[in-house]
Every structure is written in C-alpha cells, then in structure tokens.
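Participant: With the sequences and hints as input, model every part of the structure.
2 protein chains.
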Amino acid sequence: VVSAALQADLGRLLGADAVRPGDRPEYLRDALTGPDLSPWADAVALPADREEVAAVVAYCCEHTVPLTVRGGGTGLAGGAVPLEGGVVLSMERVRAVRSLHPLQWRVEVEAGLPTAQLQRIARENGLWFPPDPGAAEQSQIGGNIATDAGGPHSFGFGTTGAFVLGLEAVVPPGELVRFGGPVSKNSTGYGMHRLLVGSEGTLAVITSAWLRLLPAPERQLPLAAFFADARSGCEAVDQLIGSGFEPSVIDFFDEPTVTATAAGMPYRLGGEARFMLVLEALGSAEAAEELRAQMADLLTETGAVLVESPTIPSEVAALWRWRDGVSGVVTSLRGGKVSEDVIVPVEHLVDAIEATARIGREHGLEAMSWGHAGNGNLHSTFLVSSPQIPAAEMAIVREATERLLKEVIALGGSISGEHGIGWLKRDLLPLELDPAVLELERGVKRQFDPAGLLNPGKVLPVG
Amino acid sequence: VVSAALQADLGRLLGADAVRPGDRPEYLRDALTGPDLSPWADAVALPADREEVAAVVAYCCEHTVPLTVRGGGTGLAGGAVPLEGGVVLSMERVRAVRSLHPLQWRVEVEAGLPTAQLQRIARENGLWFPPDPGAAEQSQIGGNIATDAGGPHSFGFGTTGAFVLGLEAVVPPGELVRFGGPVSKNSTGYGMHRLLVGSEGTLAVITSAWLRLLPAPERQLPLAAFFADARSGCEAVDQLIGSGFEPSVIDFFDEPTVTATAAGMPYRLGGEARFMLVLEALGSAEAAEELRAQMADLLTETGAVLVESPTIPSEVAALWRWRDGVSGVVTSLRGGKVSEDVIVPVEHLVDAIEATARIGREHGLEAMSWGHAGNGNLHSTFLVSSPQIPAAEMAIVREATERLLKEVIALGGSISGEHGIGWLKRDLLPLELDPAVLELERGVKRQFDPAGLLNPGKVLPVG
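Same order as they appear, the protein sequences are chains A and B. FYI, in the numbering used here the residues of the first sequence are 536 to 998. FYI, in the numbering used here the residues of the second sequence are 536 to 998.
Pair by pair, the computed Cβ-Cβ distance ranges are:
1. A:L804 - B:A697: 35 to 41 Å
2. A:R896 - B:E672: 52 to 58 Å
3. A:E753 - B:E850: 28 to 34 Å
4. A:T599 - B:G987: 30 to 36 Å
5. B:A945 - A:A828: 50 to 56 Å
6. B:R633 - A:Q829: 31 to 37 Å
7. A:L966 - B:S634: 19 to 25 Å
8. A:T599 - B:R559: 53 to 59 Å
9. B:Q774 - A:L548: 44 to 50 Å
10. B:R633 - A:G805: 42 to 48 Å
11. A:V864 - B:S778: 41 to 47 Å
12. A:D552 - B:E821: 56 to 62 Å
13. B:T794 - A:E659: 43 to 49 Å
14. A:E825 - B:R559: 53 to 59 Å
If you're looking for bench data, these hints aren't it; they were derived computationally from the structure. Idealized CB from N, CA, C, for every residue including glycine.
Facilitator: The structure is reproduced here in structure tokens:
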C-alpha cells in the first residue's frame, strides 16, 4: 500500500479529518534525544473511539501494514517511534472518562487521557492516583500502562501497573476484548492484563483501563537533605529503610546533577552540600509531620550537612518544580543525553552511582545520575551533543552504556526499571534475559501478533 | 512408561528415598471437598533442590509423562490433583531460605517453604508478609504464588502476586530460568513473572521467589461489628470505604455463616446481631487506635447493633481463631461444601450475597457466604454430603453454581477472585472470557508447554 492510498483508505474508515500525512515530525518522535532512529510512517490515524481503533487495527492486519500506537510521546526509549512505515495510531482523541466510582476508589478511563487529567479527576473527588512519571501533562495513561511507568511515588505505592485492575484492548486481527475488569482481584485464567502492562504496544492496542485509586492523603510533606558525597547519602538511605521508616518518596541527585541544576534550586547550598535526597512523608497531618521530623533527625544523625523541611505551599511547590525540571535542565546542557533507567538491589545503589561516574570518566563522557533511591533505580546519564551526534561520539556512548548495563546485571540488577526497552535497548535484552526466557517472550509476541505488525522493531531483539 | 519403571527411573534421578508410589492418597487430593475427580498418578517425586526439580521436569518432557506440581495441597479448586497419571512433583523438600535482607525488606525463598514459616521469618526480623490465605501452616509460598492467593489482608495490601519481585522456575523441556529478580521494579521485556503468578503449575514449575516484605506495623487492632441483615452491613461497608477510611481488612459473614459458627464465636450475640463484619486497623499504636475508634463510631452510626473492639491479646487471638475456623466448621456441617470465590465490583456485594441465598433456596441447597467484603470477594458456599455425593445432588450443585457465576458476571464481576480455576472451573472459563482471550491463553500455554504435560486438565477448558 503506498502512502496516498493508505491515507485514502484510512480517510474512508475514520473521516478525512482524522488522517494526517506520515511525515508530521510531531508524530515521529518521542522524548528520546540523541540517537537518530530514522523514523518514517505512511500515515497518522487519529481514531475517535474504540470502534475506530479496532477498525484501524483490522485494516492494518488485513493489508499487512505496520502499526505503531502512540500516547503522549514522552517515552525515553524510542518506543513510540515508527521504524518500518505504515500507520502511526495516535490515541489522543480516545480520552473519555467512561465511569467514575469515587466511593469505590475506582475509575474507567480511555487510554488517551492525559495522566495529569486523571490525577486531577482523582483529586477533585477526594482521591489520589499515586503514579507520577515525569511529563504528566503530556503523557497519557495508556502509554503509562504500556511502559509500566514509575516515578518518585513508585517507592511507596508501586508503578502504574499496580493500579491496573483490567484492560480493554484491540488484539490482531482487530478484535476488541477485555482482560480483567472492575474488580480488585482476579484469578480467572492467566493474568493477561498483567502481561499487557509494560508490553509497549507490541501485543495489543490498549483502549481503556479500569484503575484503582486511593483516598487522598491529608498531608504530603517533602524533605530535602544534602550530603558530602554519594556514599554518605546512600548510607543514610540504608539507615532510613533499615529502621523501618516508610516515606512515600526517596529520590536522589548526585553531585554533577545538583551542580547542573543549582540555579533553579530553592536552597542556598554550602560547600559540603553536594549529594541530595528528596523524601516525602505522607498521611494524616499529624502522622506526616511526625514522620518527617523523625526522618530529618535520622538524616542529620547519619551525616546530612543540610536538611530542609519546606512547609508553606509555595516552598513545597518550588522544590517539586525544581525536581520536575531536572531531566530537562540536564538535556539542555549539551542538547541531548542518553539516559538510562537501570535498577539494582537497593543495597548496591552507591555502587551503581559510582559505576556511572567511573564509566563516564573512562570514556571521556560527562556523566551524572539521579533517580529513585528507595527503589535502587538510577537515571544514569551521558550527555551528548544534539540534534546531530557525530557517529564516533554515539559509538562511545553505546560502549559506555553497554559496560554500565553489564555492571548493573552483575550487581543483580536490571537494565530497565521504569522506561521500558523500546528501540533503545532491544538488542541489549539478551545481556539480561536467559535465552529460554527470550524465546518464550518471542513466542508470546507471536501468539498475539503473528504477522509482527504491532510496533515492529521494539522490545525484542531484531533477528 | 508403566508405574514401576517410572518409579525406578525417578529413583535413579533422585534416590529411592525420594520416590513414593502413585497411589498415596495424601498426594492425590487438595482441599476441594465434594466432587470426585478420580485422581491418579504413577509416582510421587520429592526432589531436594532446584536441580532435582529440573531433572524431573526434563525426564517428564523427554518421556512424555504428565507432571502435576503440588505445594501444601490446600487449594480449593482441585488445582493440585493429578488427573492424567504420571508424576506428582511435591515441593515440600525444596524449602530453603536462600537469602534474607531484612534491612532492604526482601527475602528469597524456595517454593516449598510453608507460608506461615515465611511469615514467622519476616516477624522475627521486624518485618511483615501481609498475604494471609487460610491454612498458612500447610500452604507453601510457591502454591500461594501459583494461585495468586489472597486472604483478609488483600484488601489493604494486595494478593500474593503484589509481593513477588521475581521468580526462578523450570520451564519445559527442563531448563531452570529466572524471571525478574531482586529489584523492586522491572520493565525489561514482558512481565513474564507476573504471568506466572496465578498460572497454577500449568506453565512452569516455580522453584523460588524474590519477595518484598514490609516493616511490621506497630499495632494491628481488629473490630467486629454486627448488623441486622446483609443490606445494612453492606451499606456500612460502602459508607466506610466512601468516607476514605483505610482499614487493612474488611471481611463479612452472612447470617447462616454466623449461625453455623456461633458456638466458637467469642461474643454473645443478641437477637438482631445476624450479619457480621470483621475489620482491622493497623499502623502506629496511636494511628491504629484512632482509626479503630473512628470506624467503630461510623459503624454504630450506620446501624451496627453490636460493635466489639478486642484489645488484650487473648481477645484478639480468639476473634482470629474463630475467623480462621469458619471454612472448616462450615465443611463439617454436612461433610462437604462447594465453595466459590466469586468477586464483584464492591458496590454489588449485597446483590451477590442475596443471589447466593436465593439461588440456594431455589435449588433446595443450604447456602451461605462470607469473605472479603472490601474486595467484593465472596465465598459463596453450597453444602453437600461427603465423601460420597449422590450424582443427582452434584448435578444440582453444578446447576446452582453456574447460575451464580452468570449472575456475578452480569454484575461486572469475575468467577474467581483468589482460589484460581484449577479443575473446578476450567469448563466455566468461557462464561467470562472473550473467545479471543481464551485463544490467546491457549497460545501462551502452548508456548511454555507445547506437549501439554504440565498440570494437564487445569485452568483451560478441555477440548
């Protein structure tokens, strides 16, 4: 099918208004900067509802056309970037709130609903949706489910998948089906909805989700603590967790990250304040205050050189604004970055932070890391020049990345804790997975998508 | 392979001490009473470690011998009962604690470890493993994972699967592989360890698990509340949840259940005290006390005729002892029961309780229900005479059950909330699942177990 014919066919299915040419740059990228994926597509489809999603999938299966589903395009692994032409299916118009049960802490929303919108709906009803990956205004709940997105609050509450009760999805050759439903537990057959979580559009197109919500906490109080180095900061994290404290967030920022983002930081840092932790205490007003005070004491005892406990809303907002801006500020330093989301057993966090710095140094790359300390989840980052990265520079970054991933695996960790595999790490998957497991994953893919049309070139290694 | 030859072969693999004849009744049943499954096996294998488990799986795959893995045999759906001969592989000797990281709230244990043992290890280290299916002394963690077992605390903390970080398992044709690992999040490839949760031994033999634990709460305080009928009790549950209270347990017991178990109940019930709720408040001593007092007030306001707040340990223990005994007492009434674990959206709990009673009445069966009210999860139960159930009686029970399951599905619910499908409901799966989903599940099964040797006749409908 050539592009023009494909666009005409889609126009007949969806209406001409709902079809765009395949070369619109905003539909050809996600938030991965650095490497050039040479994306291309024949057409962009903007279905209005689940029936139209099913019609597009059916059309693609019938005509052997690749289909790349995209949410908000905020992914960091190239997962939404079309590599083999065909149709980009954007979920942006499929965004209804199908039902809201605030008294039962439950909502059914369509995949294209922006995550921040979901969070607002929850809050307006006295509830709370804890998963908070960055870029919540742009990212969509379907994409968050498809990558099992994490975020700071994953330490206390789990990733997006932990809130998925059931899914509606279109599976090849175009059937709209339901996995799980509006119930809080389900042992009926295999946990297929749990398999779709994190499958990055390669098994099915998720059209809606039943999600659980939680009662909104009365108070959420952040805490910022600074240490002289990574070792003492990580020691404090160990002490904190080992003492049985249950903060909702334990994020960290290493020295180069703190330096790079110091201008937007709401605190004046002295000479020894180089490694930063951001924590949050949550609960009733009384419980949150008490937990925060206890944690502040423990952090001071374990060597914090500065502890900040913002209380008035503008102070709290300033800290989170700085936090939300970290990734963007780091990207702007040189135009691009290759940022990992490796994860290690939490007792090895300091080893992984030090490995990131050492590997960067040895390869002549500016390196830094930050992330979710309580999970042992690091955004190990190498800066690159962008948009055009010299091939030689990219080769060095790839070499450094591969070394880092191998060290992480040797520590008992995993190459992706929250961003997914996408395009970026598909060929690195065999570093971590047993060959037999990889073969089973290929088999699962074949069962859902025998012709290999859904998001081709993603998750599984090519060849 | 005839039984004697099979036993001899297994003896060479494991040592003669580790092999039993296939007719040992204790290896041919689980806790499902009532229906006669006509179980049989050629041999029972008792491997000592993962390598021996892998050797048995490899042997069975090579010689096309069915293999039924069993944990503690406490399942309620016939899932561990061998139906097609071959080997029963009992995990009782594969029960080491491989590693314990109390400061990181993590443990790696082998599948045969009794769940109560895991709970004790956690407690001894200041931690807590919340999942609490009945029969914790007999049931094994591997079986709990294989059924995604629930229990009262699933309301507050999720089912067993919510605590699984990674799994080690043997997949056909006998390879020992790892899915996930000792990290708290994982987006590396498909969520295969989440697929193995609840797969009831039909995809792989789980040999060990990395589990997360939680800091032990300082205080756990139960609360018992009695209402005049199911409608007022369920209304109180709605109010409680809708008000944003977060108890760790909300169980219910309908009038026939309360009547049948009244002798062991630590309270003297007046005339109106017919429908019972058991709740638990958990947290710091102060928070738990406050939550329990607030809940007691709300329950009284919404019509409770009696509220008991046991405080001294012996009173608390007496309540839980009664709770743990409910299923056994009900079974003893007539020798057998067919007990469901249906689940509905929590706002329809009262409809499902009333449907159980009505359907029982219309089919001339003694019916009752209890379960996890906060989850909308009912153990709808029909009493039967046992061990020999007249075929006519069994036919009536099947008819009543099927009606109940259809009503549950019509309410948006599911036919199994925590016991799994096993043998009991395999042929009822199509009532709930889309044909395309069922086909995908069959496809997943084929990928893992192409010869259909693992726990044959379970989960998926026959034919």
